[in-house]
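Counting from 1, position 18 in the sequence shown corresponds to residue 18 in the UniProt record's numbering; the numbering is continuous, with no gaps.
No lab work stands behind these hints, which were simulated from the structure alone. Every value quoted in this text rests on a predicted model; they were computed, and no experiment measured them. One thing to keep in mind: the hints can contain errors.
Claimed, not checked - Simulated crosslink set (SDA-like; lysine to any residue; CA at most 20 Å straight-line):
id	residue 1	residue 2
1	110	123
2	110	47
3	105	54
4	132	96
5	110	99
6	110	135
7	77	58
8	77	54
9	110	89
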Amino acid sequence: MMRFDPFREIEELQQRVDQMFRQSLGSGNAPARFAPLADVSEDDRGLEVTIDLPGIPTEDISIEAENNTLTVQAERKLPQTEGKTRHRVERPYGSFVRTFSVPAKYDLGKIEAYHQNGTLTLLIPRSEAAQKRSISIRSAQPALENNRTVDAGAISS
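Generate coordinates for the entire structure from the input sequences, incorporating the hints supplied.
Next comes the structure, spelled out in structure tokens:
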């Protein structure tokens, strides 16, 4: 189940407004705002966050985890072109920051990150305490260790 993310809603609204202005103005001279999309999925092992980052070298990506918050930052730089006049720039460029709230049942200290073919994949394992376990059931209660008899003493009347 996905949690409601108000920042995501604001980001989507910003993208729609940006797109509306780009379509109405139609200049194409300014680079589009860079806001890569992300998918978040979960299985028994943990969370998987996948972000499309085409054209961004691994060294230009930063990942930080703190207080149940995962932050991914990167910059897609507009290539320098000497002696050329840009007539249209439709591909998005610039910096972006994505922040994800991660429930406490996941271990941010053990994140694995992979960047291949323009896709960043983050694997966040469940914490040991949150791991699913099978409990075996025995047919008899175990005997108590160090069984001993204690003399309560004689009752005097």
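May I ask which of the numbered hints given earlier this structure violates, with the numbers listed in increasing order?
3, 4, 6 and 9
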